[in-house]
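Protein chains in written order, with our numbering: chain A, 1 to 68; chain B, 69 to 441.
If you are wondering where the hints come from, they were derived from the structure by calculation, not from laboratory data. Be aware that a few hints might be false.
Distance windows between CB atoms, simulated [claimed, not checked]:
#1 Ala22(A) / Thr111(B): 25 to 33 angstroms
#2 Leu151(B) / Arg37(A): 13 to 21 angstroms
#3 Pro62(A) / Met143(B): 16 to 24 angstroms
#4 Leu146(B) / Arg6(A): 20 to 28 angstroms
#5 Pro75(B) / Gln11(A): 29 to 37 angstroms
#6 Leu146(B) / Thr55(A): 47 to 55 angstroms
#7 Ala71(B) / Glu13(A): 33 to 41 angstroms
#8 Thr55(A) / Val158(B): 56 to 64 angstroms
Residues from chain B that keep clear of chain A, each with C-beta distances beyond 10 angstroms, as calculated [unchecked claim]:
#9 Gly87
#10 Ala101
#11 Asn127
#12 Ala172
#13 Val382
Positions of the beta carbon are idealized from the N, C-alpha and C atoms, including for glycine.
Listed below are the residues making up each chain.
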Amino acid sequence: MRNRVREQRTQREMSQAELAAALGVSRQTVISIEGGRYLPSLPLAFTIARFFGLTVDKMFDPDEEAGT
Amino acid sequence: MMALIRPRLRKPLGIALAGTVFAAAWALRGGDAWQLSVAMEVTVLVSAITTYVRAGEDNDDGALAGSRADERQKMLSLRSRALGWNFAMVAAFIGVTIGVAVKATWWWPFLVILAVAGFGQLLGWSTYTTAEEGPADDADRPRCGLGQLVILTAVSAAVQGPTPRAWARPLLAINEGNPRGLSQTHHARRGPVLSDHLRCPIPAVFLLAPVLNNAAHIASTSRHRHACCAAVSSTGQRPGLHRYLAVAVPGGPAANEPVALGFSFTPGCSKLAIIVIGVVSLLGRRDPAPETCSGAPGTDTASLVTRGQQSNAVRDWTFLLGPGRVPGINALLLGFYLMYRSGPRRRAAIPGAGGSGPATLIASAVAALFRGD
């Protein structure tokens, strides 16, 4: 599942640590989500989407492989 | 309590506390054990300090050590524990298998590990699946997992010994507890029903063994207390029977409830009546007059042992005819037939497996009655 976390974060010129602090998760988890190695829970997915002002389906695209 | 302790201190303090208690246990042994106790305490303190230092690091391990793990890190911890559990189970299984093969005396701790882990898994299933699922719209649709049958059978065999009856127990439990299959309506009650089957043999094993198998115990003056405890243990199993009724009767249009009730009560009452005879035979150990007790004038230990063996034989036969035979018939009628009628998802497998259990149990009971030893 592809996601736009890295893209949205870099647009806002945030570091992974800053995003992690804003979302209330660890920096390692942000790295895993950006790399597509970890699929966040539904509450966390909503938190991420709301943080970037997008909907969950805009933030996470189930039809695309991670890294494509 | 935990909220008052800083997250970074929680695990180090836990390690220090548990380690200190363990070191104190060594110190209480006396003798030279205090040296080991001191070395252990030093190791524990070093470990606690190391954990505190690790908790300050910015990585997954640090987050877990510092009790600030997020959902992914908690999942990692859970998966690691599951892997450790699997390793422990495989090691325990290998240990008990080798121990049995070489006729060693040290195999039983491995069996205890397997049994405790099995109980833990059963408790987890009963707690989490029920709590998280809740009732479904299709509450009367039967649900059952063959994996559960396998695990329960293994645990039951581990607890009760590798006899055909032990292998049949879980099948009976599932059948008796869920005569229409494992519907979600009855799901919440499955755990207690199954635990009845698995819990009952434990006190009986420890209490009945000296009463039934030890000639010296039969001749001893303390046999009355033991016999009473064993009898209470035996009768204490019986409330489980009535919990089956509670599970079997409510709701469920697929089953004919009066028939289910009849099937349950009739063998149940028969079983209870037979058990009472066995319990009375155990309590009959109190029959010998005071003058025949060990140490009293006119004591004849040989005759006392013979009388004890006779009461054992009565007890064995009643328990074979009661708990050995009636659950088989009960499960065949109530579980196998009604489960098949209810149309479970795996119609061939589940009632088939359920049918094999009672058949095995009845065959085992009949074979035990006439084996001649």
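Worksheet item: Where does the structure disagree with the numbered hints, that is, which hint numbers, in rising order?
Response: 1, 6, 8 and 11
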